[in-house]
Every structure is written in structure tokens, then in C-alpha cells.
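> Starting from the given sequences, assemble the full structure and let the hints guide the process.
Using the numbering used here, you'd call the opening residue of the sequence shown number 11 and step up by one each time.
If you are wondering where the hints come from, they were derived from the structure by calculation, not from laboratory data.
It should be emphasised that the depicted structure is a prediction, and the values quoted were computed from it without experimental measurement.
A hint or two may mislead.
List of simulated lysine-lysine pairs, BS3-like, C-alpha gap at most 27 Å [claimed, not checked]:
{"id": "1", "residue 1": "367", "residue 2": "243"}
{"id": "2", "residue 1": "247", "residue 2": "428"}
{"id": "3", "residue 1": "335", "residue 2": "198"}
{"id": "4", "residue 1": "206", "residue 2": "367"}
{"id": "5", "residue 1": "386", "residue 2": "428"}
Distance windows between CB atoms, simulated [what the hints assert, rightly or not]:
{"id": "6", "residue 1": "138", "residue 2": "75", "range": "36 to 44 Å"}
{"id": "7", "residue 1": "173", "residue 2": "142", "range": "31 to 39 Å"}
{"id": "8", "residue 1": "132", "residue 2": "429", "range": "52 to 60 Å"}
{"id": "9", "residue 1": "160", "residue 2": "132", "range": "19 to 27 Å"}
{"id": "10", "residue 1": "229", "residue 2": "452", "range": "49 to 57 Å"}
{"id": "11", "residue 1": "358", "residue 2": "160", "range": "55 to 63 Å"}
We put the CB at the ideal spot given by N, CA and C, even for glycine.
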Amino acid sequence: MMSHRYRRLLVLLLTTLCVLLLASVVSGTEVKWTANEADNEEEGGSGPLPLSSKQRQQLLQLEEVIRTSPNPEATLKQAADANGMSPQDLMAMLQRNRSDLEQGGGVNTATATSAATIGGFLKKVLTALFAVIAKSATQNPRAFALITTTLLLMTMLAISAPRTGLIISSQRGILSRGPTTLFQPPNKFLEKQLSKPKWQQHEPKSQKIQDSTWKDLNLSIDNDNNEAQAWRKKMPKDSDLAQAATFQINIPIQDFIEDQDDQEEDDNDNDEALEFCHDLCYNHAVDIINAQQFTEFAPANQLRLYTLQKGDSGRKRFSVLVVKKLGDWGRFGIVPLLVTHKNENERQTSILYSALKGAPFAGQIRVTAEKRKGKKGASPSVLIVVHLAFPKKAHRIPGKAAMKIVQTMTESIAASLKTRTRQSIVRRSQSSHFKGKVKVRAEERRHTRFQKEKDLEEMAEDRRRKWQRNNPNSGRYTPSGDRQKSPNNC
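Okay, structure coming up:
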């Protein structure tokens, strides 16, 4: 969208320049013509042919019409009478016109003339344009330099912006915060940057942070409010950190059960449903962390995490975080990251990113999903926590930017987790509902078949009673024991 906008602007500027500066160029060519002596009618010639190329083409068209008509002789005579000529003279003129054009290579004159006209027009336009540009550069050198520089910048912008996002800075320095692009960089550019040895050979300089330090950063959450955040400017003296930003969201499992209460009234085992939803929600959280889809529901123009598949084990080790207003001039900052630690068990799953050398900050990002049991009648839950910590003597970023990063990532993970859990519950509910319907229909068919058989048996019994009541001797028949003999055995 951005590339089309700048290309359209560039075309508009070029068109305006051509309209304002283009001057019409008029040129003339002197032509001398000598009549052919064989065209003299007094000496037996057929007369001069028209000199206009248009008239010659009309004669060719007339010859084609006569040749393709159903009755060529009648058409020839009609055309000759219309022009005050005899059919023989008109035919001779048409034949001579064709022979002259074939000798001069002008049978397809229309196409050649059109191409020559277009080529000549373009040549004139280009010649006039270069002449005007040269004259303008001579008379107004400053204006010409300004216009030329503007056009070059617009051309470079239209070409580079869709490919690289227009790089402003490639590394952190005295006058730069770090890798920065003017516009949002595309995924192909990020993949190419991460694939370079420049990033892969730079190991993070930030020191390793103990697990106990990460646990101390967790916040207490009230039952009424399932979100908590904190920006710690000062840490204890014995801590490995200088500053840290934390944002966490607690997702109660009871919310998923309440959503299904209106749809499934037969589910009386609440504990079993809670346990199932608890395991389902935590499994989805583990899948999100393994896939590193932490910005799925984040605004694309604010925060985006791109992951590169790399490494012998097939793990996604290299990633890049694109954050708006983190780079120079408030533009898009690029943070190359490396997965330095990963932990997964039945109760907790976490992944740790470390910023590579040259990034806008030298810190670590830790994403954790914890499976929590309910205490004192409270609902079990899944806790999502995102930390951004800066070790001592490390390059840091403002607290507002750090809080924006952790908050956006946590909210995106929570939204993705809730969406996936609800989708799985709905699919299971629909499957159970379908199976229940099939079971009910089968029971209805068996009941209907049984009822029909019962009705038939009752009907037969009733008919038997009526037959015995109407026939006094119905139950006294006894066989004689003699079989009926066949007529052939007589």
C-alpha cells in the first residue's frame, strides 16, 4: 500500500514536470517530386496515381472489397460507375497501385506508418524534454538541482521502502539508538538480516539471571483484578538486575465453564470439567510458547515478533522484535534476539530471549506460563507473565517503552490463549452434541421398530380371538394322520 502511494506520487511529479516544461517542436522537410513520363495519358499511360499514402491505402481497401465480394464483376462495375471510370481503367489503376507498393515495400503501409508516427512522436518528446532540461539547468541551476534531488529521493523511496522499510541505521552508535527503519520492515528483509553472520556470530553480552530472581519479579494478583504490572527502577543491591518491567495476566478456568453452562445443561460434574479445561488451557499455552506466537493479537504497526527457523536441532533460536518508536526519530526499532534458555514441565513453561550485540537495549525477555491450582475455593487458573529485565551496567531503554513491550506481548498471549481454548471447547461441545443426537436418533428408531412389532403382535392376537369367537369348532380340529396322496400314485 505504501509502495503504490509513493509510486503514484512519483508519476504525478514527472507528469507535472513534462506538462510545465515541454515545448512543442515544429520541424519541416522539403520534398521535391518529378512526374513519371509513362503516366502521360496522351502517350497511352494510365495517368498519375495519387501521391497520398492514405489514398493508396483506400485503393488497396477497394481492391480487397472487390476481391472478397460475392460478385466481383458487378462490384467492380458499380465502383467504376461511381467514380466516372470504365471497369478496365479502374482495374488497371488498382493493379498498378499494388505493384508500385510491392516494389516500394509499402503493402503494409498502415502498420509501418503508425509505428513510424509513434516512434517519431516519442523521439520528438524526448528531444524536447532533454532540451528543456538542459536549458532549465543553465538558467536556474539551484531550482534544477532541487528538483533533481527531490526526484532522486522519491525514486529511491519508492524502490527501497517496500523492500527494506528504508534503513536509517544498522547498529547502535553515538548518534543512533540501534537498527532503525523509517517504515515497517517486511519479513523477507528481517529474515535476510538474521541470516547474516553479523548477527549469528554476536553472542549476547548480558549475564545470566538466576531463576530465583525471575520468581521474585512476579506480582500478587487480587481475585477481583486479574492483571498486574510493575516498573522497578531500583532493585536490591544483591540483585543481578538494575531495572525490570513486569506485566502478568491471570486467566481463571471458571470463565470457560460459565460460557458453556447455557449450552450444556447435562454436565453435572463440575470438577471434571474444570480439570479438563485447566489441562486444555495450559496445553495451548505451551503450544504458543513453543511456536513463539507472542504478537498474534498485537497491533501490527506497534509490535511484531518475527522468528527464524535455525539450528541443528530445528528449534527457533533467532528472532527479531520490531517495536515502533524504539528507533531513531521515533521510528521502527529492530531488536535481534536469541533463545538462550527454555524450560518445560507439567506446571510451568518458560522461554528466555537475550538481545544480541548492537540491539537498542542489552537485556533479557522472559515469557512464562504457569499452571496454578485454586486456593480456598478459588478457581484454578493459568498465569501468563512477561518480564523485560536489564542487568547491571547494561544499555537500557525508558521505562515507558519497556512497559509497552511487556504489556502488548502479555495481552496478545492471553487473547490467543483464550481464543484457542474456547475454540477447542466449542469443537468438543459440538462433537458431543452430535454424538448425543446420533444416540437419541438410534434409540428413537429402536423404540419405533419395537412399537410396530408389538402392535402387529397385538393385532394378530386380537384377530385370532375374533376368529375363535366366530367359529365354534375352530379349536377342535384334529388331523386324521392320513396324508393326501398324489394323483400320480393312485
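> Would you list, in rising numerical order, the hints stated earlier that this structure does not obey?
2
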